[in-house]
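With the hints as constraints, model all of the structure from the sequences given.
As they're listed, the protein sequences go chains A, B, C and D. Residue numbers for the first sequence follow this note's numbering, beginning at 1 and rising by one. Residue numbers for the second sequence follow this note's numbering, beginning at 1 and rising by one. Residue numbers for the third sequence follow this note's numbering, beginning at 1 and rising by one. Residue numbers for the fourth sequence follow this note's numbering, beginning at 1 and rising by one.
Everything labelled a hint here was simulated from the structure, so no lab data went into it. Take these hints with a grain of salt, some might be off.
[Stated by the list, open to error] A few chain B positions that, by computed beta-carbon distances, are all more than 12 Å from chain A:
1. E11
2. I19
3. M39
4. E42
5. I43
6. N46
7. S56
8. F69
9. L83
10. A84
11. R91
12. N92
13. L101
14. G106
[Said to hold, decoys possible] Covered stretches of chain A (chain D as the covering partner; in silico rule of three or more C-beta atoms under 8 Å from a C-beta of chain D):
15. 164 to 172
16. 176 to 183
17. 550 to 560
Small disclaimer: the values here were computed from a predicted structure and weren't measured. A virtual CB, placed ideally from N, CA and C, is assigned to each residue, including glycine.
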Amino acid sequence: MNTNLALLLLLAPFLGFLFNIFFGKSIGKTASGVIGTLTVALSFAVTLYFFGQISVSKTPIQIQLFDWIQISNFKVDFGFLLDQLSVLWLLFVTGIGSLIHVYSISYMHDDENMHKFFAYLNLFVFFMITLVIGSNLLVLFIGWEGVGLCSYLLIGFWHKNQDFNDAAKKAFIMNRIGDLGLLIGIFIIGSLFSTLDYATLKTAITGATNLDLYWISIAAFALFIGACGKSAQIPLYTWLPDAMAGPTPVSALIHAATMVTAGIFMITRLNYVFDLAPDVQNIIAIVGAVTSLVAATIALVQTDIKKVLAYSTVSQLGLMFLALGLGAYEVAVFHVITHAFFKACLFLGSGSVIHALHGEQDMRKMGGLKKVMGITFITFLLSSLAISGIPPFSGFFSKDEILMVAFEHNKVLWFIASLASLLTAFYMFRLLYLTFFKEFRGTAEQKSHLHESPSLITFPLIVLAILATVGGLISLPTNSWLNGYLSPLFSKEVHEAHHFGTTEYALMAIAVIAGLVGIGVAYSKYIKQNQVPVEDAEITGFSKVLYNKYYVDEFYNVLFVNSINGLSKFFRDYVETTLSSAVFGLEKIANELAFQGKKLQSGSIGFYLFVFVIGLCTIITYLFLAQ
Amino acid sequence: MNNILNEIGIENYIFLSVILFSIGVFGVLYRRNAIIVFMSIEIMLNAVNLLFVAFSTYHQDAQGQVFVFFSMAVAAAEVAVGLAILVSIFRNLGSIDINNLKNLKG
Amino acid sequence: MNTLIAIIGLGVLCLLFEIFEARKAIIPVTIIGLLAILGLDITDYANPQSYYNNMIIVSKFSAAFSGLFIILTIFLVTLAHKFYQNNQSKISDFIAIKIFLLAGAVAMVSFGNLAMYFLGIEVLSIALYILASSNRLSIKSNEAGLKYFLMGSFASGIILFGICLIYGAMGSFDVTEISELSRSAELPVWFPIGIVLVFIGMLFKIAAVPFHFWAPDVYEGSPALTTALMSTLAKVVAIATLYKLVTIMNADLSGNFQMMIVIVSMASMTVGNIMALRQVNVKRMLAFSGISHAGFMLMTLVSTANAAGTLLYYTSAYALAGIAAFSVILYVCKNNENEDITNFHGLGKTNPLLAAILTAALLSMAGIPIFSGFFAKLFLFNQTIQAGFIALVIVAVVNSIISVGYYFKLILAMYTKESNEVRTATPAVIYIVAVVSIVLNIALGLFPSMVLDLLA
Amino acid sequence: MNVSLILIILLVGAFATYLAGDKLASKVALLFSIASLGFSIVLLNQYNLGENINFINQWINQPNVSFALNADGLAIAMLLLTTALTPIIIYSSFGNEYKNAKSFYALILFMAFAMCGTFLAADGLLYYIFWELALIPIYFIALIWGNGDVEERKKAVVKFFIYTLAGSLFMLVAFIYLYQKAGSFLIQDLYNLNLTASEQLWIFLAFFLAYAIKIPIIPFHTWQANVYQKAPTVGTMLLSGIMLKMGLYSVIRWQLPIAPLAAKEYMYIFIGLGIAGVIYGSIVALRQRDLKKLLAYSSLAHVGLIAAGSYTLTIDGLRGAVLQMIAHGFVVVGLFFASEIIYRRYETRVIAEMGGIRSQAVKFASLFMILVLASVALPTTFNFVGEFTVLYSLSQINVWFAVLGGTTIILGAYYMLKMYQHVMLGETNAKPFADVTFNEATTLVIIVAVLFFFGMYPKPITDLITPSLENIITQINRIN
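In structure tokens form, the structure reads like this:
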């Protein structure tokens, strides 16, 4: 029963994919869209069933399908593990997934390859599910690479534009760098514990004494690199902003809600490994904090609406990693969920805006949209408040918990994180004001077509906005349902709802004030003095550095891409030729000898006989007179 | 029995014929005219024949002398062929200088 | 012995046919006669014995090699049919000469007495002088003849001198006696010298470096059929005789002597191969390849323990390939006086079968598996390594790599270049000879024991 | 009923094809190749049933050579690879017109014959003979039916032939030396030899020369790219799909068990060479202008990894190597066929002249994409299974080997996606591009299906090869 349901859960989107690939074009756009949506919705339904079962029974469901890969000291089988974590993840993957599918039906309707778009989306959901419910690291790896592939396909969905293709390629390759790290981690874990299966691994580690901590921390570090690649942390974050080349629903689903959180999922999965590697945890925390700050600063000056959201995603992910690094996995998970809600909502909202403006993404050409696009505006506002950490919106609770944990461990980290959230509030409202308030700055032609998006687009927005608003309820500071629900996962004791003292309240206050300050600054800057960001050419000073993302991309290009290509050219033009000429060299020598030899063959009998006699004498001498 | 050979000593015969043989060899090496080359070769052969006779006396054994006849016959045959070749060369080239025969080389 | 007599009889018969104006019949009769003689030879192989107080000693060795010679002669005579069609009047002479040459060859491998050996070698050589210059009107042919003649008789002189010294030391020409005496204690110094002189004379005959200079010129100058004969029959005879001399006289293979052989064989294969690389005339190229093969064959002498079988195998493989190759060359170069590689352009299209045969022959010479040439080399290397001359084998290996270079030059010419002339109809005999010889070659490759066990 | 029948079928097939004439040649060839495939599947059954399908027969008494064919799991796996790829390759060539087709297809079957022989031979000399025989047909295929300027082609092909021959002749010397020791060429006797360390080193090197050139391992690879580019695609498929595997197979079957001491002693050097090949090949592939050359270098990178895996002397390494051999065989054939499909329409192999094909030929684009992904070892494809196992074995020797070898994951993705982007994507190409024909589609689909099936369920192959690999490992670890 469970097996079949699990298979249904997994294969429904896959069947959708196959159907859309083969028959999508013939059955028409809407139909293919509907089918794609239904398959995901079906998985969502199954997930709900499992959710109920798990939250009642509290016992994970293990499913073995078949042997997959045989290694000398262990074998990897293809199986599923449905426990609290995976089911929780499935909930918002499939839930938000189906919402975004609905959204896309309308959003992508003008695209000739809509059926392919839905096919890819389904494929993505399929791989994401694989990633989440896999019972061992290698099945996770399937999903891990699979979602990477889908993100490649979807970023490059408009494949006639080579820039988009470059972005897609960049995303795939940077992910692959992470994947190598993940693989190395898998290798080390495999050789240390002779298993990749989560359950066995957990017992092996928790049960074992005198573990080889050195190798475990190396493994943990390698795994963390993998997570960096997938979840866009320093130094592997540059692909995510470029990934905005893809259609907006893709950004919402893959690059905000689900795929980019895979790293957090993996680390939470293997929390018992990371608990053994405190150094690595510190690294994670620091990387997370720094990432959140850097990304936030970059987001301050971006003018492309989606770029702002992208950097905000990176920065939020940074906060989650901070939490992970501090061992507060449940907090990270909490923020993942809330973030999924409001960030998906924001992206979809921006999509709705872009849709209304026929593809215009530059905020300098927007404004005053709140009159025509009421629903979009409302939902956008709610989510912005949520992300800025204003109570009682969901973001407040999750972010606040992170800050508290940070404060407990390390004041510096706490400061960085708070600063980041302040900036977050600022740039989010900057975005909001520039987009929806004041007068419309676009062309008259655009102005004439301004309209609120159809219900298929607004419906998901509304749902997500509601979730973004009330999502915080699942883990209230005082009694957290989430912590209780997740507690079986964690080896070490989950620090329970903090006994609330002055510090805690002070921290809360600071956080809220920070958020409000950010909003206030934005308000004064863009409403009071109604500034508009200047044209690219006129950007100067530090803001220019920020606008160009600290020139990290250029740096990487010089350091890696160009050097490798140069090396390749050098190998091709010099090393290869030298090597082959070395082989031909012998041939040349032989030919030269032959040429000289031909002169000896002079044709004169006298000479021939002379050599004859010489040879004779030499032999005689050698044999008889030499002694 | 005391034949002249024991008094002179076989070695001297050997030396003599070696010298003759060498003269022949040098003749072959240094003369251009094909006829003279022939003659030098004949000297070589005859030097050997001489040695044959000497040895056969030395060993008191007739085989050597018989062999001399063999080799003379052979030499005669060779010269017959050789002269024939020479004649045809002379017909074609009008000279028998072996240094002119360098068409085949390389 | 019967073989020898029969052969000479056949030769005389040829001349008689000329007298009785029956030229048409000559070749068929000769072939049939030779086949009969082959039968005789097989009986000889069955019962080895010696005749005329050891003048002739028929042994398995001699019989086996005589068999090979006879088969080669059959091929050559068959080819002659086309080759001499334009000057019918000479045909009987040429055939007869070939037969007598064969007689000399048989005498050379079955001699029991140095006199017999000397006669054999001279009969062979003189016949070759004639054949080399047989194309009276061509200066090339004349020059070839003269060169061969002068140097050949010079070599004969050396050999004769060697024989003489041996006789002087031993007082006998009978090889068995000589070998017995040579085992005894103190020998005059000139005995080994004599051996060496004879040895050098034979090195000249097999065209080993540094006594090889005559070969390319003579091969190029002589008529193609004669070249075929020299490069197959003559070479095989010479090496076989040399082998027999070295074994039967058990000349003390002192370390130095072996070293000398090793050096000569290395030099021969290397010089032969290197020189062949830049040749444009196919006959000349094969001459050099023959030199290198002589070097390979010399490898048998460093370990005479049971090399006879190997030598027989190698020679037959080499000779059969040579016959096949030359039958194609004869066909290709029939109309034009030169034998440059250009004549072979596009043969792969104009006449695929012959092209394939030539390819096979060349691959066999290069020692590519399934052709007997490969196994020949294999057994050779095997023995030489057994004898502990690994360095020699390495050199041989390197050489077989070089050799591929020029063998393939010809193959490439046949398959990648465009033909520059229209081919005339191919005479049947060419096909017959080419196919039969190459089939034999491959058969040897598939069942090497067939030949190896003859002299095991 | 024994393995020799396979060889007979293929040989007879070669002759039959030649006699069938230019019209029917391709069909007949396909027929016989499929027959051989079917028969090798029958053999697989018999083998699994534990019947004796080996064949041995004295051939030459002095020296003692016997016609011994020995089919263990490993050999059968390689046999299946050959007999499965041959029909695919032949079928794929239906889209081309070859002049003098009868010889062409006869040569293909003959080559298959020789390669099967190489995989089956259990006698050193027999093995060597098949090894050399396989060289001749590909030489002529590349020479006569190849493309590009004749002089260039000649140069490349002759270099290839002489180069490979040079390597193998030293192997022959090594075999003769071994024969002197063992008194027979039978592989079992050679296994049982007790050689001193120095002997083993020399023999190991002699073998290595032969295999390093054939596989090829850098720096012995210089023949490869040119020959791949010049040879007709069918020839390239045969070379890269099967013939390279001869070298790798021989490493596992002959080199390692016969000279284990040397293999252990210098393991790091040879693993290093393999990995160097991975990185070097990948980097060179980045900037290739010619599609086939690019694929050639990619295959250099992959075989480098396989070789590294084999030299780890661990069961994982060997198993991974064999799996990767099979996977790579299929994927590389597919990729070269894709290049041929483009060539049939655009008459060019220069990447710069392509682009914008995807929007015209959707089916082809998808199939090509899948092949690209397979070649960069995306999970669920067969290549991932192999590559994962190999990298794991490397990490067991030294984790840095795994890291360096693992760069293939990144670099491979880089050059393959770059290639795909410039070949297929971008603004719609001015020149029209007809989508794949039925023949082309089926060929690619078969390959893709194989890759996915074994990618998800490699167990059958693993179970087939593991016992024989374990034997080889025990051979390697025997006391001496």
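>> When the structure is checked against the list of hints, which entries are broken? Sort them ascending.
In response: 13, 14, 17
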